[in-house]
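Undergrad: So the chains spell out like this:
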Amino acid sequence: MNTSSSAGAPMKIRFWEQLSRRLFTILLLLTIVPLVVVQFITLRQTSDQAQKQVFSQLESVSSLKANELNQWLAAGHSQIRAILAPDTTQNINNLISAPTDEGQTHINGTLANLTSIAATIGKTRLFRDIFLYNADGKVLASSNSADIGKIVTRQPYYTNSLANAYTQQPYYALGVGQLTIILTEPITVNGKLVGVLAGDIDLATLTAIMTERIGLGETGETYLVSSDNNYFLTPSRFDGFSLTRAYHTNGIDKALAGQSGAAIYADYRNISVLGYYRWIPELQVGLLAEQDVSEALAATQGVLNTSLLIGVVSALVAVVIGSLYIAQVTTPVRELAQAAIEITNGNLARKVQIRERNEIGLLAQAFNQMTDQLTSNLKQLDLKIEEVNNTNADLQVATVKAREAARLKGEFMATMSHELRTPLNAMLGFSSILLDSMGGEIDNDARHMIERIQANSERLLNLINGVLDIAKIEAGRMEIVYKPTDLYKLVDSWRQQMSVLAEQKNLKFRVEIDPAVPALISADGERLSQIAVNLLSNAFKFTEQGSIILSTRALNDELLIEVKDTGIGIPPHATSLIFEEFRQVDGSSRRAYGGTGLGLAIVRNLCRMMDGSIRVTSEMGQGSTFIVTLPLKPVLSPVAT
Amino acid sequence: MTISRTVLNSWTILAIDDEPDSLEVVTRILRFHGASIVTGCNGQEGLELARKVHPHLIISDISMPVLDGWGLIYELKKDRTTLNIPAIALTAHAMPGDRSRAISAGFHNYLTKPLTAKSFMSDLLILLLEMPEFSALTKGVINE
Numbered sequence: 001m002n003t004s005s006s007a008g009a010p011m012k013i014r015f016w017e018q019l020s021r022r023l024f025t026i027l028l029l030l031t032i033v034p035l036v037v038v039q040f041i042t043l044r045q046t047s048d049q050a051q052k053q054v055f056s057q058l059e060s061v062s063s064l065k066a067n068e069l070n071q072w073l074a075a076g077h078s079q080i081r082a083i084l085a086p087d088t089t090q091n092i093n094n095l096i097s098a099p100t101d102e103g104q105t106h107i108n109g110t111l112a113n114l115t116s117i118a119a120t121i122g123k124t125r126l127f128r129d130i131f132l133y134n135a136d137g138k139v140l141a142s143s144n145s146a147d148i149g150k151i152v153t154r155q156p157y158y159t160n161s162l163a164n165a166y167t168q169q170p171y172y173a174l175g176v177g178q179l180t181i182i183l184t185e186p187i188t189v190n191g192k193l194v195g196v197l198a199g200d201i202d203l204a205t206l207t208a209i210m211t212e213r214i215g216l217g218e219t220g221e222t223y224l225v226s227s228d229n230n231y232f233l234t235p236s237r238f239d240g241f242s243l244t245r246a247y248h249t250n251g252i253d254k255a256l257a258g259q260s261g262a263a264i265y266a267d268y269r270n271i272s273v274l275g276y277y278r279w280i281p282e283l284q285v286g287l288l289a290e291q292d293v294s295e296a297l298a299a300t301q302g303v304l305n306t307s308l309l310i311g312v313v314s315a316l317v318a319v320v321i322g323s324l325y326i327a328q329v330t331t332p333v334r335e336l337a338q339a340a341i342e343i344t345n346g347n348l349a350r351k352v353q354i355r356e357r358n359e360i361g362l363l364a365q366a367f368n369q370m371t372d373q374l375t376s377n378l379k380q381l382d383l384k385i386e387e388v389n390n391t392n393a394d395l396q397v398a399t400v401k402a403r404e405a406a407r408l409k410g411e412f413m414a415t416m417s418h419e420l421r422t423p424l425n426a427m428l429g430f431s432s433i434l435l436d437s438m439g440g441e442i443d444n445d446a447r448h449m450i451e452r453i454q455a456n457s458e459r460l461l462n463l464i465n466g467v468l469d470i471a472k473i474e475a476g477r478m479e480i481v482y483k484p485t486d487l488y489k490l491v492d493s494w495r496q497q498m499s500v501l502a503e504q505k506n507l508k509f510r511v512e513i514d515p516a517v518p519a520l521i522s523a524d525g526e527r528l529s530q531i532a533v534n535l536l537s538n539a540f541k542f543t544e545q546g547s548i549i550l551s552t553r554a555l556n557d558e559l560l561i562e563v564k565d566t567g568i569g570i571p572p573h574a575t576s577l578i579f580e581e582f583r584q585v586d587g588s589s590r591r592a593y594g595g596t597g598l599g600l601a602i603v604r605n606l607c608r609m610m611d612g613s614i615r616v617t618s619e620m621g622q623g624s625t626f627i628v629t630l631p632l633k634p635v636l637s638p639v640a641t
Numbered sequence: 001m002t003i004s005r006t007v008l009n010s011w012t013i014l015a016i017d018d019e020p021d022s023l024e025v026v027t028r029i030l031r032f033h034g035a036s037i038v039t040g041c042n043g044q045e046g047l048e049l050a051r052k053v054h055p056h057l058i059i060s061d062i063s064m065p066v067l068d069g070w071g072l073i074y075e076l077k078k079d080r081t082t083l084n085i086p087a088i089a090l091t092a093h094a095m096p097g098d099r100s101r102a103i104s105a106g107f108h109n110y111l112t113k114p115l116t117a118k119s120f121m122s123d124l125l126i127l128l129l130e131m132p133e134f135s136a137l138t139k140g141v142i143n144e
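Residue numbers (my numbering), protein chains in the order written: chain V, 1 to 641; chain X, 1 to 144.
Some hints could be false.
[Stated by the list, open to error] Derived BS3-like pairs: lysine-lysine, alpha-carbon spacing no greater than 30 Å straight-line:
1. 508(V) with 118(X)
2. 118(X) with 541(V)
3. 52(V) with 65(V)
The set of hints was computed from the structure by calculation and includes no laboratory data.
Go ahead and model the full structure; you've got the sequences and the hints to work with.
TA: Have a look at this one:
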């Protein structure tokens, strides 16, 4: 019987221990985690790719623009040199050596015409002004007549222009207020420098080149920065920059340090950009090609967004489908649990519906089968219990009857014993009175006959006692009462009892006790006496001459009582016979020797009841020896005597 | 050992038994040895006689009609006038435990039938010698 207080109550499953929630969580994790990981990796890869691409793009743009710039500069130089065709050079030479107004005007006009030639690049004119100065630095001719007569020795390009073709890096010309780039070509006549032809570059082209934004998206730009003062030489596409401020960024500084390369850094707006920086040695400027990181990686953002969407959607799908399938498992399981509880509480007819053809269905089926089996077993059990109860009832009745029968038998025996003894009392009583002369005189004849009456009465009494004893033993009513017994005393009483008979029959009779026999043993003295006296009576009955010896010995854990006589002996075939009821050696011996034939039967039964045994050895004409073997039970506790 | 014919002189003994033969056997033996005998044939008669006669000794059977030996001893012991009269049970019941039952009921002792004259007298004398009141009566009267 389960005495636990929670027996029968279904166990409480905590929210997060429920199978459904766990499966759900696992499902969710299994769906989301890989997605997230993949997304993350993809994102990284995509952004790396994008970055590479943008850098590549920026580098190309940078190269392209650098090339353009150089070409443009080269074109400028070419143009100036082109002016110096032989006869133009002669005219210029004439002008330098002997300036005339006419000559000057002519050259001015030529130069002015030249300035209107559009640059091949940018579709604007290449030069704002072209002017000519001699070796001393005096402007002799110019497309801008205001320049004529100026001295240019203080200009930054002057010194270099006398040596070679020179490109003056952008600078702010005094009095002009704007950036100026001067290209110079030396005029040599007969190997001797006579003057310099210089062109003032129209910076619009520069700007045009730099602000061309093909391939630069919405936030990409290219611009030039002056190595002189970190000023922007061309505008940024964004507002908020100044053309008269020195800017320092990672890209700008590196470019102006003469390096070229790609990096991610914060630009002059302090916005993260991917940038390619380049040093243009011809112009002594830095070329920056930059694009906002945000735009550059916009594509990846798109990927991110898409994957996020996919992730959320799949998570939802997983949730929905998962829930359905999880329910498919947990619902039947709950149902099974519920059914089990109901069955436990006694509703054996509860069955589980088998809806699925899968393991759950298998379980449900097996469950139902089990329930059926259980029900059938219980029915059988009930039947058996009924059977057993019936048997018990029958047994009880039988027991009562048996007890009653035993009781009746006992009563019967007691009554019989009493009834049989009562007439014998009269018989023995009267005959003994007469024989003891208590009833008057009787003559010898009468005495003899009365003696016969008494003898037969005694025989009858013995028979009755024997029969009653046998009956008692067989009815199990004979009790062996173990008491502390003085065997020495007992043996002596036997000796006393039989000594008269020994005298009468003139037989030698003695008793012996082995000193090893304990002073007190646990035994039923009356029954022992019954055995011993019985054996002794037999011995005396069947011995006419010689001796009878009773010896008591203790051997190991056994008590041996031996009665040895020198009587007529027992024939071999009869040694087991004699222990049977009403049996004597043969019919004749009964008549001759008397006795009931019950004595040895009783003796053997008594031995058995005391867990002992009896055996006999005999030789015809020599005598017999009866040996009783009994377990020697010592007295267990000290007895106060 | 022969028992003197006068050993029970001056004794009044009440003998009770429902079997006339048994009663006669006991009566003859006791009378032979000098006792005066009063007889009853059941416990009730015995009880009345005991109250009337105040014998020295009661010898009674157990199974009797009207009032049996157990009832008799119970009544005897209840009555102040009779409770001191010693009673001996004389019965054919020979079951184990009968003796102790008799003694705990109030009998002084217990003798079994069937009896012979000699055995009965010697057993009886042994019992009487145990009773201090009677040793005076029986002293010096037993001959070897």
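Undergrad: If you check each hint against the structure, which ones fail?
TA: Nothing - there is no hint that the structure violates, so all of them hold.
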